[in-house]
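Protein chains in written order, with our numbering: chain A, 254 to 509; chain B, 9 to 383.
Don't read these hints as lab results, they were simulated from the structure.
Accuracy of the hints is not assured; some may be wrong.
Here are the simulated SDA-like pairs of lysine to any residue, each with C-alpha atoms no more than 20 Å apart in a straight line [as the list claims (entries may be wrong)]:
#	chain 1	residue 1	chain 2	residue 2
1	A	K334	B	G157
2	B	K85	B	Y18
3	B	K255	A	F319
Predicted, not measured: the structure shown is a model, and the values here were computed from it.
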Amino acid sequence: MKQIPESVIEVRNLNLSYDDYVVMNNLNFRILKGDIFIIMGASGCGKSTLLKSLIGLKAPAKGEVFYGGKNFWREDESVQKDLMRRFGVLYQSGALWSSLTIGENIALPLELYSGLSASQIQDVVELKLALVGLSGYSQFYPSEISGGMRKRAGLARAIALDPDIIFFDEPSAGLDPVNARMLDDLILQLRDTLGATFVVVTHELASIFAIGSNSVFLDANSKTIAAEGSPKYLLANSSNPCVIEFLTRGEKQGGE
Amino acid sequence: MPTDKINFDYSTPKILQIKLTGAWLMGSGIPAISEITSQISSRADISQITFSASQISKWDSGLVSFLHGVIKECRRKNIKVEKKGLPEGVCKLLNLTEKNTERIAPQKTEEEPFFQRIGSGVLRFKESVLSLLGFLGEIAVSFHRTITGKAYFRFNDFMLIVQRCGADALGLVSLISVLVGVILAFIGAIQLRIFGAQIYIADIVGIAMVRVMGAVMTGIIMSGRTGASFAAELGIMQTNEEIDALKTLGVNPVEFLVVPRILALVVMLPLLTLYADFMGILGGYVISAGVLGINPVEYLNHTQSAVKLGNLWIGLMHGFVFGLIIAISGCFRGMNCERSANGVGEATTSAVVTSITSIVVATAIITFICQVLGV
Chain A
254 MKQIPESVIE VRNLNLSYDD YVVMNNLNFR ILKGDIFIIM GASGCGKSTL LKSLIGLKAP
314 AKGEVFYGGK NFWREDESVQ KDLMRRFGVL YQSGALWSSL TIGENIALPL ELYSGLSASQ
374 IQDVVELKLA LVGLSGYSQF YPSEISGGMR KRAGLARAIA LDPDIIFFDE PSAGLDPVNA
434 RMLDDLILQL RDTLGATFVV VTHELASIFA IGSNSVFLDA NSKTIAAEGS PKYLLANSSN
494 PCVIEFLTRG EKQGGE
Chain B
9 MPTDKINFDY STPKILQIKL TGAWLMGSGI PAISEITSQI SSRADISQIT FSASQISKWD
69 SGLVSFLHGV IKECRRKNIK VEKKGLPEGV CKLLNLTEKN TERIAPQKTE EEPFFQRIGS
129 GVLRFKESVL SLLGFLGEIA VSFHRTITGK AYFRFNDFML IVQRCGADAL GLVSLISVLV
189 GVILAFIGAI QLRIFGAQIY IADIVGIAMV RVMGAVMTGI IMSGRTGASF AAELGIMQTN
249 EEIDALKTLG VNPVEFLVVP RILALVVMLP LLTLYADFMG ILGGYVISAG VLGINPVEYL
309 NHTQSAVKLG NLWIGLMHGF VFGLIIAISG CFRGMNCERS ANGVGEATTS AVVTSITSIV
369 VATAIITFIC QVLGV
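Just chain A, with the same shape it has in the complex (with noise of 0.2 Å):
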């Protein structure tokens, strides 16, 4: 097998289904290191189903995945459990245990993986909720801070490990547009500090443009992917009218 050097994620045949009900079809795209890679569609295409074959949670249909060279799907359990200790995530909702604090939410996985001592997991936890500006709320409860702060931490909890790969499940969904440029700034400073590869599944154009370096457009009439390269290039050349559509918002072309 011909291995290509930079890329983090190789996604070969890739096909998507609930029972009998074919989500996509036959998905082939490579995520370079360093990238911003978008993943991008129409509300239900199959998005967020995608990204939970790319992060260990819901096997594929057929096809494969691959981390560095390792096939997902094939590999023994322990193996994936290692693969996946280098992901971080940010779920749509956040997703923090709410039975945890703050702070106990992002510990959690430094006690599992990092080794280090109670005080220095305590400075840690400090550190991450800094970089996402939350520094003092880390004797809260999830339920006690508002919506994009839960986000915040989330993403606060996702990075805790200095994961090689971040997935990002709608980051901006339900963030007022201050919040959501403030997290798409984090990501981008975030990529430049920790030099990790974002996975970002979005359809808010202005997030798109603003932090995609490469993306890849779901169609959900073809089922499968109707183009694919940086957003910015996709607006000025694709000759798909879904995708000139879905960038557009459906303005027509030469229209105000």
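Fit chain B to the given chain A structure using the hints.
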């Protein structure tokens, strides 16, 4: 039967003109679509329909939904529909509905025939039995990993669950067990009075409470209280993607969430049973001594001689088994919860139903075994 709101005009060959008059409002009654379809079917030569709506005084969604139905029906029969004669707003709304149905919705499965329903019910049952067995296996493996110190176990979380399903339940358990003791004493008194053997109320209350009633009542209380809360808690965690978050971190949710809950309940239920036994005997004592006029000291002596240690062990074993049943059914339903508010409700209901049913069945089985063994 045509209403006064619709008139049909066949003056042009092959074309049916539908004249709409009056107020077409949802509140004032809308004619059935069948009035149009019956006209169409009665004349096979019609290839197009047109509308004349100049006589319409008022309209709302009632008219639009009527026309939407008519157009769908005509399309099915390959009849052309000319919308020109309709009010402009109606045309726009109809065009909007057509534009938005471009993407064909996936077919919902239709109502299955009777035998197929039975068949798929059996298959679903088989699947749920298999997934329960899988869950039990997972619990066994996780339990082993917890004992050998390989699993991630947070002692503080465990103690919190212990508190919630132990100490916090004391009030309710006290109330119910005292009352059960009281009821047993009264029922015993009715019969035993006839023979002048009222002192044997002490034996009835003591043995019944310690051997089975204490555990059964505690089990039923805890099903409703803790079993339901386990199912709801885990169900909401499932809905909230919290369990996904554990999985992607490489933490086994069964080790992290289910094992501590089972351990806590298995430890606490026998203890609560012991407490319920005591409270039940107390209830019987108060009634016997205070209302039924039995000598208090004699009552205590009788209780002491009647209740053997063997009875206590049987009661505690009931408690242990019930703890296992309640915790497993609560956690199983919660972990398999559908991701919606409705799903959480169903998970909670079925957790309580499963555990109460299983408690009664388990009691019957244990009683039968004790009978056979002669203990």
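Going down the list of hints, with the structure as the test:
1. Using a Cα cut-off of 20 Å, the hinted pair A:K334 and B:G157 holds, with the two alpha carbons roughly 18 Å apart.
2. About 19 Å separates the Cα atoms of B:K85 and B:Y18, which keeps this hinted pair within 20 Å; it holds.
3. Simply put, B:K255 and A:F319 have alpha-carbon atoms about 19 Å apart, close enough for the 20 Å limit, and the pair holds.
Violated hints for the displayed structure: none, as all numbered hints are satisfied.
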